[in-house]
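Asks: Protein chains in written order, with the numbering used here: chain F, 4 to 334; chain C, 4 to 334.
Mixed in with the good hints there might be a few duds.
Identical chains blur together in the list; that is why a pair holds if it fits in one copy or across any two.
[Stated by the list, open to error] Calculated pairs, DSSO-like style, for lysine-lysine (alpha carbon to alpha carbon, straight line, at most 30 Å): (1) K60 with K201; (2) K89 with K169; (3) K12 with K215; (4) K215 with K60; (5) K294 with K89; (6) K116 with K304; (7) K201 with K215; (8) K60 with K302.
No wet-lab data here; the hints were simulated from the structure.
Protein chains: 2
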Amino acid sequence: MRVRAIALKRRPNGLPETEDFDVCEVDAPPPEAGEIQVRNVCMSVDPYMRGRMYDRKSYVPPFQIGEVLSGGSIGEVLASAHPDFKEGDFVSSSYGWREGFTAPAAQVERLGKIQAPPSAYLGALGMPGMTAYVGLLEIGALQDGESVFVSGAAGAVGSVAGQIAKIRGCSVIGSAGTDDKARLLTEELGFDYGFNYKEGSIVQHLRQAAPKGLDVYFDNVGSDHLQAALMCMRPNGRIPLCGAISTYNDAAPRPGPNNLSMAIGLGLTLRGFIVSNFMHRYANFRSDMEKWVNNGQIKTKETILGGIESAPDAFIGLFTGVNVGKMIVSL
Amino acid sequence: MRVRAIALKRRPNGLPETEDFDVCEVDAPPPEAGEIQVRNVCMSVDPYMRGRMYDRKSYVPPFQIGEVLSGGSIGEVLASAHPDFKEGDFVSSSYGWREGFTAPAAQVERLGKIQAPPSAYLGALGMPGMTAYVGLLEIGALQDGESVFVSGAAGAVGSVAGQIAKIRGCSVIGSAGTDDKARLLTEELGFDYGFNYKEGSIVQHLRQAAPKGLDVYFDNVGSDHLQAALMCMRPNGRIPLCGAISTYNDAAPRPGPNNLSMAIGLGLTLRGFIVSNFMHRYANFRSDMEKWVNNGQIKTKETILGGIESAPDAFIGLFTGVNVGKMIVSL
Numbered sequence: 004m005r006v007r008a009i010a011l012k013r014r015p016n017g018l019p020e021t022e023d024f025d026v027c028e029v030d031a032p033p034p035e036a037g038e039i040q041v042r043n044v045c046m047s048v049d050p051y052m053r054g055r056m057y058d059r060k061s062y063v064p065p066f067q068i069g070e071v072l073s074g075g076s077i078g079e080v081l082a083s084a085h086p087d088f089k090e091g092d093f094v095s096s097s098y099g100w101r102e103g104f105t106a107p108a109a110q111v112e113r114l115g116k117i118q119a120p121p122s123a124y125l126g127a128l129g130m131p132g133m134t135a136y137v138g139l140l141e142i143g144a145l146q147d148g149e150s151v152f153v154s155g156a157a158g159a160v161g162s163v164a165g166q167i168a169k170i171r172g173c174s175v176i177g178s179a180g181t182d183d184k185a186r187l188l189t190e191e192l193g194f195d196y197g198f199n200y201k202e203g204s205i206v207q208h209l210r211q212a213a214p215k216g217l218d219v220y221f222d223n224v225g226s227d228h229l230q231a232a233l234m235c236m237r238p239n240g241r242i243p244l245c246g247a248i249s250t251y252n253d254a255a256p257r258p259g260p261n262n263l264s265m266a267i268g269l270g271l272t273l274r275g276f277i278v279s280n281f282m283h284r285y286a287n288f289r290s291d292m293e294k295w296v297n298n299g300q301i302k303t304k305e306t307i308l309g310g311i312e313s314a315p316d317a318f319i320g321l322f323t324g325v326n327v328g329k330m331i332v333s334l
Numbered sequence: 004m005r006v007r008a009i010a011l012k013r014r015p016n017g018l019p020e021t022e023d024f025d026v027c028e029v030d031a032p033p034p035e036a037g038e039i040q041v042r043n044v045c046m047s048v049d050p051y052m053r054g055r056m057y058d059r060k061s062y063v064p065p066f067q068i069g070e071v072l073s074g075g076s077i078g079e080v081l082a083s084a085h086p087d088f089k090e091g092d093f094v095s096s097s098y099g100w101r102e103g104f105t106a107p108a109a110q111v112e113r114l115g116k117i118q119a120p121p122s123a124y125l126g127a128l129g130m131p132g133m134t135a136y137v138g139l140l141e142i143g144a145l146q147d148g149e150s151v152f153v154s155g156a157a158g159a160v161g162s163v164a165g166q167i168a169k170i171r172g173c174s175v176i177g178s179a180g181t182d183d184k185a186r187l188l189t190e191e192l193g194f195d196y197g198f199n200y201k202e203g204s205i206v207q208h209l210r211q212a213a214p215k216g217l218d219v220y221f222d223n224v225g226s227d228h229l230q231a232a233l234m235c236m237r238p239n240g241r242i243p244l245c246g247a248i249s250t251y252n253d254a255a256p257r258p259g260p261n262n263l264s265m266a267i268g269l270g271l272t273l274r275g276f277i278v279s280n281f282m283h284r285y286a287n288f289r290s291d292m293e294k295w296v297n298n299g300q301i302k303t304k305e306t307i308l309g310g311i312e313s314a315p316d317a318f319i320g321l322f323t324g325v326n327v328g329k330m331i332v333s334l
């Protein structure tokens, strides 16, 4: 079969534009031995993909001009030439940004019997959820009852990180980019304090919400947020460096926090991580998170755009604040 | 007896000046029960003291105007009214910046039988040596044979950190502020590569000396050095944040490294520390370091100024590059 897909037309300069992408058609032929043919039901756009659009060395190779983009997707098996897969199975793969594909079965993960909607496996039950889990519990070494600040808290990773901290009995502050999102944090997701970082000073919000300071700052944003959090950390505080979405579209490097040396006197740990280095924690994550999602302790928020042709706008929307929770493209 | 001492006359603005300090006289009376009377033989000046000259909250309270400054010193007991101390015992105390003192014996450490010169207990065998030891082995989690960069490598902490790394079979790069100091690193202290950071680009030096990158960067300097080291770190690298001497005299906060987000993809850990939180490692340190100093594996470099009246200049010299190794004021 022929399916539609999205290719990178040119490298974005600053904030990506719809014109940086092309809709094209690719083949997804009947499976040969060991292969499966899959129809994607939804695909993911994630902030880290912006980094792959630069032509530079990084922990994942750059996307190439004219090539179909890759990323997380959930699909349904249409035809199988592999004994472990049958028609109708849900699979998770990195063959995103296209309506379907044919690939060796070994390259995908069979989801098995699922209770949550398939798209949840691109969010709380997928890479963003695992990022929150590893970042908070392993990198952040979260202890029950601590004081936690999550930036980008209405996003796919942040919304899960904050809810995990609540499950662990923490006092949780979240920042977001609109008043509505800030309200969502406290009214729907159980945060103790939510604020719109565009209103007032971040430091003042943090001091009001956590007069005794922060034990953990889960950083999705970098830059001003990181500088403000450093002002408010308690001794031996931990700062998992998960993302720096505020800087991903910068044309030139932006100065870092001017108070990093506060880490010396306070004995702070700042630790960067990428979730793919923590796959040994995947089984624990999957079991904990399915329990939490299924019993309602973790609410999965999604913003859904329809059709492969909307994928570029969904991606761009990550940087302009369009999404609440996980941004999903339904196919 | 009356002894001379140095008091803080006014808070320095930027680089301290001699006129910020006063020579005064204080009493060191005969000891009462439980006390000892001590003549200091040498005293320490250390970069961290600059922070205490600001009127701000920190991990140690600020020095007060008109008060005698405190800091590390080694002295000899003149008279004792405590059963565990006798005339001629060497003691380490924080009653520095003065020629002598009388104090409860419980407030000092008796050095016992010593083989190294007393001043070494203000350097490699004292707080700076322990800072290097804890910072490299515990905070930096140094592994044998790794690639290590130490900034401020000709200073009291850096010179010891580099030599410990050599003992652990590491490849060691050091930066210093003059050609002579850079040569000292390789010619006397066993570093593999030493450079004057004022000549050429720090990144180019690091790439030349460690083409495969750095596992550990021991940061005494902050700012440009930290930014350059971040450019050259290997995956899972560690950066003990020990000091930021380049910024201690800044009148206004200075922007931080513009590439801190590299820590995310590389999984780097930046961890600040102050040595006083690691006193549980003191016995190990003392035993290892006395062995290393006594068998010549660690060379103790010192710059010695004479007389209590030279203490302000010795202190100022820390920021202008006067000292090679530990800056000592002999009394």
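Asks: From the Cα coordinates, with 30 Å as the cut-off, is the pair K89 and K169 best called within, between, both, or neither?
Replies: Neither way: K89 and K169 sit 39 Å apart in one copy and 59 Å across, limit 30 Å.
Asks: Up to 30 Å between alpha-carbons, please classify K294 paired with K89: within, between, both or neither.
Replies: Within one copy only: 26 Å inside, 68 Å across.
Asks: Reference check for the pair K201 and K215, CA-CA at most 30 Å: within, between, both, or neither?
Replies: This pair counts as within: shortest intra-copy Cα distance 23 Å, inter-copy 42 Å.
Asks: Have a look at K215 and K60 and pick one of within, between, both or neither, based on CA distance no larger than 30 Å.
Replies: between (41 Å within a copy, 14 Å between copies)
Asks: What label fits K116 with K304 when the C-alpha limit is 30 Å: within, between, both, or neither?
Replies: within (22 Å within a copy, 68 Å between copies)
Asks: Checking K12 and K215: alpha-carbon separation at most 30 Å within a copy, between copies, both or neither?
Replies: Neither, since 50 Å and 34 Å both go past 30 Å.
Asks: Given a CA cutoff of 30 Å, do K60 and K201 count as a within-copy pair, a between-copy pair, both, or neither?
Replies: between (33 Å within a copy, 29 Å between copies)
Asks: When no copy is specified for K60 and K302, does a C-alpha distance of 30 Å or less occur within a copy, between copies, both, or neither?
Replies: Result: close neither inside a copy nor across copies, 36 Å intra and 41 Å inter.
In this structure, the earlier hints numbered 2, 3, 8 are contradicted, and the remaining ones agree with it.
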